[in-house]
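Enquirer: The chain contents come next:
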Amino acid sequence: MTTFTPTEMMTIAAARALTSKDVCFVGIGAPSAACNVARLTHAPDITLIYESGTIGTAPDVLPLSIGDGELCETALCTVAVPEMFRYWLQGGRISIGFLGAAQLDRFGNINTTVIGDYAHPKVRLPGGGGAPEIATSCGEIYITLKQATRSMVEKIDFYTSFGHGDGGDHRQRLGIKTKGPTLLITDLAIWRPDPVTKEFTVVSLHPGATRQMVQETCGWPVKFSDNLEDTPPPTPLELSTLRDLHARTAAAHAGTRG
Amino acid sequence: MAEFLSLREAVAQNLFAGDTVAFEGFTHLIPHAAAHEAIRQGIGDLTLVRMTPDIVYDQMIGMGLARKVVFSYAGNPGVGLLRRMRDAIENSYPRAIETIEHSHAAMANAYEAGASGLPLAVFRGYKGADLPKVNPDIKSITCPFTGEELAAIPAHRPDVTFIHAQKASAKGDVLIEGIIGVQKEAALAAKRVVVTVEEVVPDFKGLHPNLCILPHWTVTAIAVVPGGAHPSYTHGYYQRDNAAYLEWDKISADRDLFSAWIKDNVLSVGPEVFAQRVEGLRS
Numbered sequence: 000m001t002t003f004t005p006t007e008m009m010t011i012a013a014a015r016a017l018t019s020k021d022v023c024f025v026g027i028g029a030p031s032a033a034c035n036v037a038r039l040t041h042a043p044d045i046t047l048i049y050e051s052g053t054i055g056t057a058p059d060v061l062p063l064s065i066g067d068g069e070l071c072e073t074a075l076c077t078v079a080v081p082e083m084f085r086y087w088l089q090g091g092r093i094s095i096g097f098l099g100a101a102q103l104d105r106f107g108n109i110n111t112t113v114i115g116d117y118a119h120p121k122v123r124l125p126g127g128g129g130a131p132e133i134a135t136s137c138g139e140i141y142i143t144l145k146q147a148t149r150s151m152v153e154k155i156d157f158y159t160s161f162g163h164g165d166g167g168d169h170r171q172r173l174g175i176k177t178k179g180p181t182l183l184i185t186d187l188a189i190w191r192p193d194p195v196t197k198e199f200t201v202v203s204l205h206p207g208a209t210r211q212m213v214q215e216t217c218g219w220p221v222k223f224s225d226n227l228e229d230t231p232p233p234t235p236l237e238l239s240t241l242r243d244l245h246a247r248t249a250a251a252h253a254g255t256r257g
Numbered sequence: 000m001a002e003f004l005s006l007r008e009a010v011a012q013n014l015f016a017g018d019t020v021a022f023e024g025f026t027h028l029i030p031h032a033a034a035h036e037a038i039r040q041g042i043g044d045l046t047l048v049r050m051t052p053d054i055v056y057d058q059m060i061g062m063g064l065a066r067k068v069v070f071s072y073a074g075n076p077g078v079g080l081l082r083r084m085r086d087a088i089e090n091s092y093p094r095a096i097e098t099i100e101h102s103h104a105a106m107a108n109a110y111e112a113g114a115s116g117l118p119l120a121v122f123r124g125y126k127g128a129d130l131p132k133v134n135p136d137i138k139s140i141t142c143p144f145t146g147e148e149l150a151a152i153p154a155h156r157p158d159v160t161f162i163h164a165q166k167a168s169a170k171g172d173v174l175i176e177g178i179i180g181v182q183k184e185a186a187l188a189a190k191r192v193v194v195t196v197e198e199v200v201p202d203f204k205g206l207h208p209n210l211c212i213l214p215h216w217t218v219t220a221i222a223v224v225p226g227g228a229h230p231s232y233t234h235g236y237y238q239r240d241n242a243a244y245l246e247w248d249k250i251s252a253d254r255d256l257f258s259a260w261i262k263d264n265v266l267s268v269g270p271e272v273f274a275q276r277v278e279g280l281r282s
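Line by line, the protein sequences give chains V and E.
If you read the first sequence in numbering that gives the first Met the number 0, its first letter stands for residue 0, the second for the next number, and so on.
If you read the second sequence in numbering that gives the first Met the number 0, its first letter stands for residue 0, the second for the next number, and so on.
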């Protein structure tokens with residue numbers, strides 16, 4: 000069997016969740032890699048949208064930022080940022096929002112704002128950017144992050160983006176009509192929210208991952224599905240597509256071209 | 000009516016201590032040269048408005064020119080954190096700054112409201128989020144027709160907005176292409192507008208009829224500064240200097256290294272260095 004890293008498995012498992020029918024609002028980092036692997040393998044007709052206003056973009060290398068020229072040059076069209084947030088996101092045109100997180104809780108609430116107290120933070124993180132409205136305006140939300148007890152926590156320090164709140168019907172009670180987080184893909188497992196409580200539950204373990212490994216890197220007591228599955232390992236095509244993409248990206252970002 | 004000036008004059012005549020100012024650009028077309036000129040002139044006590052403050056506000060904050068920052072994403076895009084801004088927030092170095100934090104949707108809507116002459120922006124946002132608890136500018140409004148509760152924030156009305164664009168016509172009309180971000184809205188929301196451009200062409204005749212153009216009568220001053228967005232990029236002229244963004248992470252991590260960098264790369268040079276900086280990045 001080909002060897003691969005847990006991060007590669009995470010990205011590929013995330014890519015598999017996307018289809019050609021999806022209109023996807025893409026965050027930078029692992030989400031961007033996953034969305035483009037999907038586009039370059041089984042989902043060639045997926046529409047990728049970055050918050051810089053690029054609609055239907057097809058970058059040859061992964062952008063370092065959400066506004067790289069590559070995104071505009073390969074897009075169907077590029078709109079102004081107010082239009083992006085008003086017509087396309089708030090207008091309900093986007094089926095999937097793909098987010099990363101600095102801190103995540105069991106109900107898919109995300110913190111990317113501060114560690115510690117807001118007024119006197121221990122660590123000031125970049126903040127929400129587009130995420131607060133992506134989290135409530137996209138049809139559903141997929142989340143990727145690497146497991147660690149400092150990122151998967153019992154209680155997040157700040158609600159940057161609302162997931163399922165305290166669980167159950169909390170979204171509906173706030174008048175939010177979209178589904179919220181429906182999928183969490185980590186470097187060890189695939190998680191889905193319990194249909195009633197909305198707590199993320201492990202439904203599939205990646206090759207080589209164990210229940211113990213998942214629990215040791217998660218800050219809350221982990222629930223496992225009764226029908227726990229094994230995530231199929233990356234195929235040679237998936238792995239080579241991801242690695243080629245990263246190699247092209249590294250070459251392009253290493254420095255000044257031309 | 001757009002007046003062609005040197006960058007030094009354009010900044011000196013339009014940016015004053017205590018102003019609320021937006022240096023806008025969404026990864027693309029960030030007006031670095033104009034911000035460096037503001038640093039050289041030491042214009043301080045500013046309220047800096049920008050969706051993604053980026054390394055150019057990191058530099059202004061690190062030089063102690065900001066009193067307050069209104070923003071939605073305080074990161075070095077794709078790289079990480081803004082270390083000078085963090086130092087100001089976490090350690091009040093070189094001075095304490097006040098922060099007013101929004102989401103991108105809120106900031107974009109606030110510029111649009113400013114350009115529209117409205118006092119507030121209304122949108123469906125911040126549901127379940129904690130920002131309304133820490134930002135008193137975020138309030139709610141009830142739709143008089145449906146009863147839906149929506150977010151409301153004040154419109155952005157900067158004293159002056161600085162942007163960078165591809166071209167000006169001889170008359171002073173300004174053409175913006177590629178990722179156009181919030182520049183048109185930020186310009187039309189402001190009392191004064193200063194634009195740096197790559198070049199001046201005789202006119203815009205024969206171009207596509209739906210281009211993003213600021214007519215000359217909406218622009219206060221234009222300064223020609225080739226390369227003026229570097230290390231950001233100008234679509235059709237030069238690429239983003241990603242290596243410089245990565246390098247900034249190291250420079251900004253150390254107070255002394257930062258000061259030395261500013262001295263060598265901002266204080267001791269003029270706007271003409273930008274043309275050299277993009278030489279290797281031209282497509």
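What the hints contain is simulated information worked out from the structure, not anything from laboratory work.
Accuracy of the hints is not assured; some may be wrong.
Claimed, not checked - If we take Cβ atoms under 10 angstroms as the criterion, some of the chain E residues that face chain V in the derived model are:
| hint | residue |
| --- | --- |
| 1 | PHE25 |
| 2 | GLY74 |
| 3 | THR98 |
| 4 | GLU100 |
| 5 | GLY127 |
| 6 | PRO135 |
| 7 | LYS138 |
| 8 | HIS207 |
| 9 | PRO208 |
| 10 | ILE212 |
Note that beta-carbon positions come from the ideal geometry of N, C-alpha and C, so glycine has one too.
Enquirer: Run every hint past the structure and note whether it holds.
Expert: Hint by hint, here is what the structure shows:
The restraint placing PHE25/E at the interface with chain V holds, with a minimum CB-CB distance near 5 angstroms, inside the 10 angstroms limit. This hint holds: GLY74/E has a C-beta 3 angstroms from the nearest C-beta of chain V, less than the 10 angstroms allowed. Given hint, THR98/E at the interface with chain V, holds; its Cβ is 9 angstroms from that chain's nearest Cβ, closer than 10 angstroms. Checking GLU100/E against chain V: minimum C-beta separation of about 6 angstroms stays under 10 angstroms; hint holds.
A distance limit of 10 angstroms between C-beta atoms decides the matter here; for GLY127/E the minimum to chain V is near 3 angstroms, and the interface restraint holds. For the restraint placing PRO135/E at the interface with chain V, the shortest Cβ-Cβ distance is roughly 13 angstroms, beyond the 10 angstroms limit, so the hint is violated. Annotation: interface hint on LYS138/E violated; nearest CB of chain V at approximately 16 angstroms, more than 10 angstroms. At a threshold of 10 angstroms, the smallest CB-CB gap from HIS207/E to chain V is about 13 angstroms, leaving the interface hint violated.
For PRO208/E, the interface hint is violated, the least distance from its beta-carbon to any beta-carbon of chain V being 16 angstroms, above 10 angstroms. Restraint check, ILE212/E versus chain V: the minimum CB separation of about 13 angstroms is more than 10 angstroms; hint violated.
Consistency with the previously given hints fails for numbers 6, 7, 8, 9, 10, ordered from lowest to highest.
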